[in-house]
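Same order as they appear, the protein sequences are chains H and X.
The letter at position 127 of the first sequence is residue 133 when you use my numbering, and the numbering goes up by one with no holes.
The letter at position 243 of the second sequence is residue 250 when you use my numbering, and the numbering goes up by one with no holes.
Keep in mind the hints are simulated off the structure, nothing from the lab.
Everything numeric in this text was worked out from a predicted model, so none of it was measured.
A couple of the hints might just be wrong.
With a straight-line Cα cutoff of 30 Å, these simulated DSSO-like cross-link-like pairs (lysine-lysine) come out [said to hold, decoys possible]: (1) K19(X) - K269(H); (2) K222(X) - K166(X); (3) K249(H) - K222(X); (4) K298(H) - K222(X); (5) K269(H) - K222(X); (6) K166(X) - K298(H); (7) K269(H) - K166(X); (8) K174(X) - K222(X); (9) K222(X) - K19(X).
Among the chain X residues that face chain H by a calculated CB cut under 10 Å, a handful are [unchecked claim]: (10) S180; (11) D210; (12) V211; (13) L239; (14) L278.
All C-beta atoms, glycine included, are put in the ideal place defined by N, C-alpha and C.
Here is what each chain is made of, one letter per residue.
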Amino acid sequence: MPLLEVKNLRVEFPTRRGTLTAVDDVSFHIDPGEVLGVVGESGAGKSITGAAIIRLIEPPGRIAGGQVILNGRRIDNIPLDEMRHVRGKQIGAIFQDPLTTLNPLYSIGRQLVETMQTHLALSDREARARAIRWLEEVGIPGAAQRVDAYPHQFSGGMRQRVVIALALCAEPNLVIADEPTTALDVSIQAQVIALLKRLCREHGTAIMLVTHDMGVIAETADRVAVMYAGRIAEIGPVRDVVKHARHPYTEGLMGSIPALTHKVARLTQIEGAMPRLTDIPPGCAFHPRCPKVFERCRVERPDLMPTDGPNLAACWLHAPARGAREVGHAA
Amino acid sequence: MPPDATAIVQAKALVEVEDLARDFDVSKPWLYRVLQGDRKRILKAVAGVSFDIPRGTTLSLVGESGCGKTTVARLVVGLYPPSRGRIRFDGVDMAGLASRAEAESLRKRINMIFQDPYASLNPRWRVRDIIAEPIRAFRLLTDEKAIQERVAELLTQVKLSPKDGEKYPHEFSGGQRQRISIARALSSTPEFLVCDEPTSALDVSVQAQILNLMKDLQAEMGLTYLFISHNLAVVRHMSDRIGVMYLGRIVELAPGETLFATPRHPYTRMLLDAIPDLDMTGRARTPVGGEVPSPIDPPPGCAFHPRCPLANARCRAEVPQLRPVADAQVACHAVEEGRTA
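Extracted from the complex, chain H is given alone in its bound form (with noise of 0.2 Å):
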């Protein structure tokens, strides 16, 4: 059984001029301690996904339709004040900016102790103890002279590594990772990833990890999942998506970004840019921009569909009919 299920979810923000559909019918699922990560530009809804799994969304932004199954419980519906013992307890969040997670007004200490004493049962010195233990866990140098620290003492890289002790520590199956690295430099971002993984290995947590940086998720991911104006355009295990895209946004993409191993004269260019949410074309959201529209794109929208890969994408170049010369053209 899997961990999570998000079935045909749908996230919708009542405008002045008409309803945004942020998320328009998102299916995946995360297996027990099985990483996925969720790929995006900027308004792709890769965060608003992640957000409305933990019910984190701002009103008047609202889950409009779908199921999110964890552990086989739907926690889409439950009350809030339930909904908080799943946060926390069944899934840590761990967000971009660390200064914006912690309280600047509470030590480190007991900002632990509390999020620990809310879901497990400990008494105040055994919270203490395992306060301790977990920043000696995430690498914080000197952990029991530090423990009654504050934020502002911490650089950014330790106090996203605060961060992590504070998602993991009461011991949750799943952790949201949204742009966990993306505010921090090149060599302490190699240290928090590597961080993450590890902990999240050694407990058997699972991540969904929610990120524009393709580097980072093809070092960390097993599955990953491109999202495009609120759709998946493709999902599959890493190595596929990454080398062997079926979806020509997914190519698009991956040609784009320049390599460290190789130069290359040009790099690929997807012309345009994303469609806003409030004119999202009829059809497949990515024909005004895709080198290989041919007519059904324009007016039908394609679901995620079998390709010749383990990858599925919401594509018609693989659809089994009329698209199926065309298959296998990106392998």
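Fit chain X to the supplied structure of chain H, relying on the hints for placement.
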């Protein structure tokens, strides 16, 4: 700077920077200092940087936050006066310009593109006025019709429509705004562009569009770029030569191919190893520990020594200078002594 390191300065360099340094006074206010007995605190953002950029080529400076790369960019365009050192543009010392007219004639040959396309365009001006500003400021054209024709030509050059000139910046996406910034930078027909993280705020597919555009423009107009970025892959794509900065100094300066094929400085090696790359799916790596120290109180000797696996007593005491190694220049005692293996 020892003479042997500057000996390779090519005669035809458009931009020559010599021992450039910039300090910032970050002390508390005077009264606090007197009452609390604090000393002045000086942040050495750039501590003696030398390089030259031959005409029509791209030199990139790469490094992590706080290494001084943006300060170098701002010094080179003259947004900050240097605390020490010299910048020569086409053989003329930028500090020694006597008259205003002289300074202006030099300045219009240099322009800058900034990182944040949301902050660098005036939201209350129409795009055509934003682009025309350098033309008007330098009085390159005076006839209004000629100015508008030039603006239309610039918009076409950056792959926007001449009709976009009527709009305001908020009507454009991040990538389009960066095209407007580029059009503005090109409007004074400069020879030298300083680009400070021009694509860091953009999505990758848009970044590819802007990088391709910048390369096309360079090929068309023979532009010389000083390119500042924290992204090594972007830097590799854009540059002829690359300088790696750490705490206010260049630790390695080498042609792009050399730097990636045979990185010599331990910091460069660490950086290259730390970057997650698409080609390395599944590869385990050993991240180097430690963080960049504070530039207010940098470690003595080589600033990298607390994180360096090769550090010895000399590294802790003596600041290494850039020395030529093959076609690169490296500031490292271990490299000089052949301890890198």
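Right, here's what the structure says about each hint:
no.: 1; hint: K19(X) - K269(H); in the structure: holds (26 Å)
no.: 2; hint: K222(X) - K166(X); in the structure: holds (14 Å)
no.: 3; hint: K249(H) - K222(X); in the structure: holds (26 Å)
no.: 4; hint: K298(H) - K222(X); in the structure: holds (26 Å)
no.: 5; hint: K269(H) - K222(X); in the structure: holds (13 Å)
no.: 6; hint: K166(X) - K298(H); in the structure: holds (22 Å)
no.: 7; hint: K269(H) - K166(X); in the structure: holds (25 Å)
no.: 8; hint: K174(X) - K222(X); in the structure: holds (27 Å)
no.: 9; hint: K222(X) - K19(X); in the structure: holds (21 Å)
no.: 10; hint: S180; in the structure: holds (5 Å)
no.: 11; hint: D210; in the structure: holds (4 Å)
no.: 12; hint: V211; in the structure: holds (5 Å)
no.: 13; hint: L239; in the structure: holds (6 Å)
no.: 14; hint: L278; in the structure: holds (6 Å)
Figure legend: structure checked against the earlier numbered hints; every hint is met.
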